[in-house]
Every structure is written in structure tokens, then in C-alpha cells.
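Peer 1: The task is simple: from the sequences and hints, build the whole structure.
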Amino acid sequence: MATGFATVKEVLSGDTLVLVGQPKNGPPPELRLTLSSLQAPRLAQKDKGEDEPFAWQAREFLRRACVGKLVTFQVEYSVASINRQFGAVRLQNDTKDNLCVVVARAGWARVKHEAPGSNERSADYDEMVQASEAAEKAGLGIFNTDPAAVQEAVRDVKFEPSNPEVLLREVKGKPQRAIVEYVRDGAAFKVFLVDHMVYLNLNLAGVQCPRLNGALSSGDSNGSKEAPQPFAPEAKYFTEVRLLNRDVHVMLNGMDDRLKTFYGTIEHPAGDISVELLRNGLARTMDWSMQFTTIQHATTLRAAARDAKNARLRIWKDYVAPKVSGQKSYEGVVSEIVSGDTIFVRIGSAVDLADAPWKCTEERVTLSSIRAPRLGARGRPEPGEPLSTEARELLRTKALGKRCNVMIEYERAPAEGAVGMAAMPRKFGSVLVQTRKGRKNVALMVVEEGLAEVLRHRADDERSQYYDELAIAQDEAKNAKRGLFSPTASKDADTGRPQDLTSNKELARAHLTTLQSRGSPGLEAGSHRAVVDYVLSGSRLRVVIPQMNCILNFALGGVVTPQRARPAMHGRPATSAEPWSNEAYVFARSLLLQREVVVEIESMDKAGTAIGQCWVKRGQDKVNASVLMVQMGLASVHEYSARYTSVGEELKREMATAQAKRLRMWEKYVPEAAEAATGGPMAAWGSGNGAATENRPLEKVVASVSEIANGHTFFIQTQSAAAQSKMEAVTKEMQALASQHGTTPGGEGLMEPRRNQMCVALFDDGSGMAWYRARILSVIRESGNKSAPRLHIRYVDFGNEGTVEMSHVRPMPNTAVCASPALARECVLAFTKTPALDREYGREAAMLLSDLVFGKSVTAKLHPSKNEEGYQLVSLYLKEEDKAEDEQLCVAEVILREGLGYCDKRTTRFARTKEETDLIKLLEDTEQRAHRNHINLWRYGDPREED
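Heads up: the sequence shown begins at 1 in the UniProt record's numbering, then just goes up one per residue.
It cannot be assumed that every hint is accurate.
Computed list of lysine to aspartate or glutamate pairs in EDC-like fashion (alpha-carbon distance at most 20 Å, straight line) [what the hints assert, rightly or not]:
#1 914 to 699
#2 905 to 924
#3 440 to 460
#4 323 to 307
#5 398 to 533
#6 700 to 918
#7 606 to 826
Here are the simulated distance ranges between beta carbons [unchecked claim]:
#8 623 to 524: 15 to 23 Å
#9 729 to 523: 51 to 59 Å
#10 402 to 233: 48 to 56 Å
#11 402 to 522: 21 to 29 Å
#12 70 to 233: 19 to 27 Å
#13 169 to 361: 52 to 60 Å
By construction, these hints were calculated from the structure, which means they are not laboratory data.
Glycine is no exception: its CB is placed at the ideal position from the N, C-alpha and C atoms.
Peer 2: Structure follows, in C-alpha cells:
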């Protein structure tokens with residue numbers, strides 16, 4: 001008969017055990033053995049009555065005595081009719097007790113009556129009979145005759161919960177005493193809740209083991225079951241030898257509503273079976289049931305699964321780790337927010353990150369396991385998805401410029417045929433930024449606000465190591481109805497981008513007065529809080545001004561940075577990069593990109609680019625970007641424009657210091673050579689308070705005013721002999737054109753009109769149609785109208801404007817006369833401002849100026865400065881018969897005396913000569929008298945307060 005060593009795997013009843021041997025290349029053999037010559041009370045089976053009295057107590061006595069212990073066994077006899085084997089099982093203790101005797105002595109089973117000499121009885125039969133008689137005499141175990149004890153010895157057991165939902169609400173999150181009665185596979189059990197006397201099915205939350213038996217094979221005509229999945233028997237054995245028939249505590253946290261299967265964890269003093277299964281490569285994590293455990297436990301589970309993957313244990317034996325190019329973890333600074341789920345990180349030493357960012361490298365990182373709404377394409381009329389701007393803005397305010405730790409978790413290959421950045425492998429990782437409360441997961445920030453969704457991965461896909469925290473944060477956002485999960489959130493595309501002034505110079509210039517007359521709360525007029533949207537070069541930016549809801553080009557005033565390389569475009573040849581141009585660009589980008597700044601708008605060039613100063617926070621200090629670029633030796637002072645800025649003298653001093661230190665772009669600077677090239681050291685300019693620095697007189701010309709644009713803007717034609725000769729030549733050329741082509745409209749199809757294109761156009765001055773030189777200011781195309789567009793033009797030799805049909809224009813003849821400069825020059829009254837034509841007293845000011853100078857010969861004094869629009873400052877004087885030449889009537893003084901204008905404080909600070917300061921004093925005195933007398937503009941106070 002069989003004999004040997006074994007381990008008690010399971011106790012089925014008070015007299016039956018399941019023994020297992022030692023595993024060899026898989027689960028070990030099993031033996032079901034009934035103790036010889038004993039009969040214990042029978043336990044109830046599902047739908048088959050109830051327990052016999054003391055059946056449960058007998059099973060528990062034997063279970064506690066031997067389950068999980070090493071024993072020796074001997075099969076003493078078998079009964080073929082019932083396919084059962086009977087034998088002796090001895091504990092490996094000092095006395096080598098036979099369990100047959102132990103059970104009989106405790107009174108938990110009856111000794112069968114066997115005939116003497118029978119082969120079907122225990123070798124210790126006589127000892128068992130004596131022990132049983134002693135137990136019966138003492139009333140032990142099943143021999144207890146007390147009716148109350150006998151009644152209590154029958155369990156009121158339920159083989160499945162009558163109301164699973166009620167049971168879950170009662171025990172959820174509370175440890176419950178239980179016994180593992182059956183292991184279906186490594187992570188699925190039948191457990192018995194001791195305190196509730198109920199059996200239930202329990203699966204480990206967040207864990208899935210290979211299935212031992214699959215569904216019926218559809219391709220098998222015999223209907224046989226599929227073979228076990230790889231390592232399914234091993235996973236089941238791994239769990240059985242540790243938990244089967246063991247006393248445990250279970251924590252029920254959820255339930256499958258369809259199958260009524262509970263999900264939770266099993267707590268055992270020897271360890272966590274969920275973690276051990278994963279760590280030994282016998283299970284994988286399951287996302288959907290991970291919700292039924294805590295974040296800390298879920299993190300532990302995923303870490304154990306990663307360890308098994310990396311070690312290629314069992315089910316992961318064919319696992320191939322994701323290939324990640326470059327570093328898998330590093331520290332850096334968040335340098336740019338691309339969208340709500342993609343950032344750039346700059347990597348380098350602390351010194352290089354602060355003062356030499358061009359020595360650092362940048363990595364693009366997409367936050368793993370989340371997806372934020374997509375932004376619209378820049379420069380194209382493609383709206384973004386709802387809340388895409390809010391998602392990026394959240395990251396900008398929370399992460400930009402902060403030190404971070406990056407852990408790359410997986411990488412995706414580029415799509416076939418991709419170009420540019422899309423052709424690079426896309427890296428996904430977790431980014432932790434340093435905050436006052438410690439390190440915070442950037443992806444978690446976005447998900448918590450409901451501005452990104454957590455991706456659902458396939459079972460074996462790589463994912464964020466913080467995936468469970470992300471999933472729980474998303475559930476909380478859904479419950480709180482935040483962001484994307486709010487019922488009031490817009491379902492339309494994100495069209496909230498500010499008004500774009502970067503591609504329309506006329507529109508940008510139309511906003512100049514508003515930008516200079518208004519300011520952000522707490523700031524002076526002309527100063528605005530803004531965000532740098534894009535860095536074009538070391539000194540040119542694109543800024544968003546939220547209060548004005550606009551985005552415009554902005555140039556740092558008073559400085560010039562080395563020119564970056566430009567490709568050939570629109571007929572313009574390619575240019576190579578100047579030395580230190582890339583370093584200046586990278587430094588400006590690290591300093592300003594997407595940062596909150598304060599811009600002071602001082603002027604605007606003809607291309608619609610605002611010019612001024614920009615202040616930004618650097619560390620704990622607030623610095624001027626222009627000054628800092630010069631300090632770093634990455635920019636030089638532009639002498640002319642620096643005169644018009646409030647930090648001109650500081651820029652000059654800093655450049656001299658950088659030159660003396662030979663910093664960067666000044667590394668080959670030689671003072672003597674520089675002075676020789678410029679004709680001497682840099683000349684000083686006005687300090688900004690109107691003090692004169694030169695005594696030379698202003699240049700005077702005799703001119704006629706050919707057009708009035710408003711009360712302070714006009715066009716003049718000089719009356720010198722050279723100018724008259726040029727006018728005659730142009731007139732003859734136009735007359736020749738009229739003789740050749742006539743003056744009847746009909747020039748359609750002769751040219752494709754473009755803005756700023758020169759042409760000739762018909763105009764009737766009262767004596768009939770004639771050709772004049774003109775410039776196209778805009779092309780007017782009506783929507784839905786396929787006919788030829790209309791053109792808004794300016795007649796460049798006179799300054800007047802008009803809108804004409806395409807039939808009224810022709811291409812400009814290719815002659816030297818036609819290519820000569822315009823004969824009418826646009827000017828503004830020096831240091832004088834009048835209301836716009838659509839404002840009160842605007843038309844009156846223009847009419848007064850027209851009455852004074854239009855069509856008349858005047859003396860024009862040309863000032864060395866220009867206003868913020870870049871127009872020439874001119875003082876006009878009318879000769880009075882009874883006064884000397886130096887006592888001519890000042891036109892600006894007349895306008896201010898009539899209360900139709902005021903001094904322009906933005907240009908008076910640039911006075912450079914004594915003659916200019918005298919004029920400013922005259923105008924200020926005249927303005928004050930009109931103010932005191934409440935004339936016109938001054939009727940109700942200071943009109944500049946409204947501006």
C-alpha cells in the first residue's frame with residue numbers, strides 16, 4: 001500500500017483529508033484519504049439538507065490540527081465500490097500521533113465496528129476503540145447529550161448571500177473573519193464568512209491569474225474544454241498551499257453587479273497573496289477591478305507586476321521591455337507647455353539653466369496615460385477642442401519654470417511618412433514638479449481639475465506608474481462635475497483665442513492709441529500685464545494681453561540682437577545666422593516664453609510691431625528684458641530707438657560694461673576700432689525731461705500742404721526747384737501714359753492686386769480724368785461676389801485716398817521716373833495731438849488745420865524725431881505781413897489756442913534742441929490758457945482722462 005511524506009492541503013470533513021506531495025516541474029500529485037475506521041458527522045452540501053450535529057465542529061477540529069502541516073501517511077485499505085482510500089495520517093511531532101486516534105480521543109467521530117481480523121480496519125483500531133469509549137463516557141464532542149448543545153451544533157448556513165447588496169453595504173471596508181474553502185484559480189475563491197455563516201465568491205481586486213479551464217472549444221466536435229492557460233495550474237497551486245482552509249481576514253470593497261461576485265483583498269499574517277502572485281509572475285493587474293482597492297495597495301500591486309515583467313518570470317517569459325531612446329529618468333526645468341498633456345523640459349546644470357541655456361538640451365515629454373483636449377493649429381482657422389486652452393493654461397501656471405523629475409515609461413514610434421517633430425519617437429512619462437508641499441504629479445494636476453481624461457490601456461500595455469491615482473482623481477472629478485465632466489461645460493470647439501493683430505498692421509496701428517492710453521489695473525497708462533505666447537528672436541516676441549483680448553508682435557525697445565538665419569522666401573534671398581544669434585534666441589526663450597510679463601508700449605513701427613519695455617520675474621527679482629539681454633552680452637544698443645525709451649541711459653551703461661568684459665558678442669570688441677567705425681563714441685541723448693542737448697537750428701523748408709488727414713496729420717510737398725522738376729517729370733510721364741492708353745476705365749485683368757503694390761490710377765480733379773501714381777492700401781473682396789475686387793488706394797504724390805474699381809488702375813510703368821520716391825510726405829504737427837475724426841471736436845480740428853494751411857505755402861521746420869507711428873515731426877508756420885520772418889504764426893499754437901488740441905507728452909520728452917524746448921514751452925502755456933478758459937475740448941475738464 002502507498003506510504004510516504006505529504007502536506008495536508010485541505011480538510012473536507014471531520015474524517016477526510018487531501019494530501020499533496022512535493023512539486024516537481026509543476027503542481028504536485030494529490031491524494032484524497034479518509035481516516036481508517038472512523039465516521040465523522042456529514043457536512044451539508046448546497047441544496048442538500050443541513051449539517052449533521054457537530055459536523056462543522058468536527059471538521060474545524062481536524063482542520064486546525066493538521067492543515068498545512070507535514071505528515072506521514074499510509075494507505076491501509078481501499079473500497080473500490082465507492083472509489084475511496086482509507087489510511088493513517090501521523091503528525092510530525094514528538095509522539096507521532098495517528099490522527100485516527102486523535103480524532104477518536106476528542107470525540108469528534110465514531111469508530112466503526114469492524115470484525116476481528118478484517119482487512120478494512122485501522123492498524124490502531126484497538127487504541128481508537130478505547131479512546132472513543134473514554135470520550136463517550138466523558139460526553140466529549142459528538143457524545144454530548146445536552147439537547148441545547150446538540151441544537152447549537154447545527155449551523156444555520158447559507159451557501160450564497162440572499163441579498164449581496166445589503167451584505168456589501170454592511171461589511172464594505174471592514175475586515176471579516178473567513179475561511180478559504182475553495183480556490184478556483186490563483187485569484188478566485190469561495191470563502192466562508194464565519195460571523196455571517198455565509199459562503200460567497202471572492203476575486204482579488206486588481207489581479208487576474210491565468211484561467212484553469214476555458215470555455216468549451218467551438219472547434220471541438222466533442223465539446224471538450226480548452227486546455228488551461230499557461231501557468232494556470234501553477235498559480236492555483238501557489239495560492240492553495242498558502243490559503244486553502246486557512247483562517248484569514250477578507251476585505252470586501254466591491255461587487256460585479258451582473259455575476260454577484262465580490263471583489264476585495266485577503267489579509268494573512270504571512271503576507272499579501274495579491275502581491276505575491278504578481279511578484280512571482282503568476283498574475284497580471286486588472287484595471288477595471290483596481291477601483292476596489294486603495295491607491296497605496298494598487299501602487300504596490302503595479303510595482304510587483306513591473307518587477308516580474310523586468311525579471312521575465314513565468315507568464316512574462318516572452319516579455320520584451322519597451323525600448324526608450326535616451327535617458328529614462330532625469331531632472332530639469334519645465335521650459336514650455338505645448339498642450340494640456342505635452343511639455344518641454346530643459347536639462348542641464350543649475351548654472352547653465354540660469355545663465356547659459358543654449359548649452360542645455362530640451363526633451364519633449366507627453367504625460368503618460370492621459371489625454372487633454374487638442375489645441376487648434378497655430379496660424380490656421382482650426383478651432384481647438386473644448387477646454388483645450390484651459391488645460392494648457394493650468395499647466396502653464398502650475399508647472400512652467402519649475403524644477404522637475406521626469407521618468408520616461410514608454411515610447412511610441414512615429415507614423416509612417418511623418419515629418420518634423422512628428423517624425424521623432426514620442427516619449428511618454430510621469431513628471432513631478434517641486435511645489436511648496438513637495439513633489440506633485442503634473443498629470444494628476446490636470447486630471448483633478450477635469451481637464452484631461454485617463455486613457456484605458458490594453459492589459460499588457462505600458463502605462464503611468466501613477467495610473468491608479470489618475471483613475472481615482474478622474475472619478476472624483478466626474479463626481480464633482482468639474483471641467484470636461486461638467487454639464488455646463490461648452491461642447492463647442494474652443495474659439496476663445498484673442499484677436500490676432502500680428503498679421504494686420506492697419507488693425508494693429510488702429511489699436512495703438514487704446515494700448516497707450518489704457519493700462520492694466522494698478523499700472524500706468526500704456527503698461528499691460530501680458531503673457532509671452534511665442535519668441536521669434538532674441539528681441540522680438542508675440543504677446544497676449546488678456547485685458548485687451550488681443551495678441552500682437554512686440555519688440556524690445558532700444559536693443560538689437562544678432563540676426564538669425566532666414567530661408568529664401570517671397571523672392572528674398574536666404575541669409576546666414578550672425579554670431580551669437582542662436583544663443584540670444586535661446587536665452588530670450590528661456591527667460592520669456594509663456595511667462596507673465598509687464599509690457600510698456602512706447603511706439604509702433606509701420607509693420608504693426610509694438611515697441612517698448614518688458615519686465616519679467618527672474619528668481620525673486622523683477623528685471624527689464626532689454627537691460628538683461630545687454631548685460632548678458634547678447635544684444636547691443638540701438639542708438640536711435642534707445643533715445644525714445646525710458647531705460648536708454650541704463651542700456652548704454654550696461655553695454656559699455658559688457659564691452660569692457662568682452663562678453664559673448666563682444667568677445668572680439670576693440671574700442672579704438674569701434675570708435676573709428678562710428679566716428680567717435682556714442683553721443684548722449686536727452687534724459688527724458690525735455691532738457692536740450694544741442695543748439696543747432698532746425699532744418700527749414702518751404703512747402704505746400706497737399707492733403708489733410710486729421711487735425712494733426714497732413715501731407716506736404718516741398719517747393720524746391722528739384723522737387724518742382726520731379727513733379728514736372730512725373731506729370732509728363734502720366735500724360736504720355738494717357739496718350740498711349742487713354743483715360744477711359746477698362747484695365748481689368750492687367751494686374752493681380754496686392755497690398756502695398758505700386759500702380760497708376762485714374763482721378764478726376766475737376767478738369768477730367770488723369771493718371772496718377774498710387775499705392776494699394778487694401779484689396780476689398782466681397783464675400784460671395786466673384787467679380788473683380790475694389791481697391792483702397794493712396795495717390796502718393798498728393799496724399800489723398802480713395803476707393804476705386806479694378807478698371808481704374810493699371811500696372812506702374814517700368815521707368816526711372818515712375819520708380820522715384822513719392823512727392824508727398826506724411827507728417828504730424830510736432831508735440832501736438834488732436835482728437836480722432838470720429839471723436840468730439842475731431843472734425844473741427846481738421847477743418848481749422850485745413851483753413852490755415854491747405855493749398856498754401858508754409859514754412860516747415862523738420863524735427864530730428866519721429867512719433868510713435870514713425871511719422872516725421874514738423875512745425876508749420878504762416879508768414880504774417882506785419883511781422884518779421886522769425887515771428888511767423890505757429891499753426892500748432894493756433895490749434896491749441898482754440899482748444900482743439902493738446903500737448904503730446906509722449907513726444908515732448910524727446911526734445912533735443914533749444915528751439916524744440918522753446919516750442920514746447922509755448923505750446924504748454926497756450927494749452928494751459930485754453931484749459932483755464934474752458935475752451936472747446938476743455939469745456940468739461942481734461943479730455944485726455946477719457947483717452
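Peer 1: Each of the hints needs a verdict: does it hold here or not?
Peer 2: Comparing the hints with the structure gives:
Using a Cα cut-off of 20 Å, the hinted pair residue 914 and residue 699 holds, with the two alpha carbons roughly 13 Å apart. For the given pair, residue 905 sits about 10 Å from residue 924 by alpha-carbon distance, which is consistent with the 20 Å threshold. Of the supplied pair hints, the one linking residue 440 and residue 460 is violated, its CA atoms being roughly 27 Å apart against a limit of 20 Å. With a C-alpha separation of about 17 Å, the suggested pair residue 323 and residue 307 falls inside the 20 Å cut-off, and the hint holds.
The straight-line distance between the Cα atoms of residue 398 and residue 533 is roughly 17 Å, inside the 20 Å bound, and the hint therefore holds. For the hint linking residue 700 to residue 918, the alpha-carbon distance of about 16 Å falls within 20 Å, and the restraint holds. Note on residue 606 and residue 826: the hinted pairing holds, with a Cα-Cα distance of about 13 Å set against a maximum of 20 Å. Taken as a hint, the range 15 to 23 Å holds for the pair residue 623 and residue 524, whose Cβ atoms sit roughly 19 Å apart.
Range check, residue 729 to residue 523: Cβ separation about 53 Å, and the 51 to 59 Å hint holds. Range check, residue 402 to residue 233: Cβ separation about 52 Å, and the 48 to 56 Å hint holds. Distance hint check for residue 402 and residue 522: the Cβ-Cβ separation is about 26 Å, which falls inside the suggested range of 21 to 29 Å. A C-beta distance of roughly 22 Å is found between residue 70 and residue 233, which places it inside the suggested range of 19 to 27 Å.
Checked against the given bound of 52 to 60 Å, the beta carbons of residue 169 and residue 361, roughly 56 Å apart, stay inside it.
Of the numbered hints stated above, the single one contradicted by the structure is hint 3.
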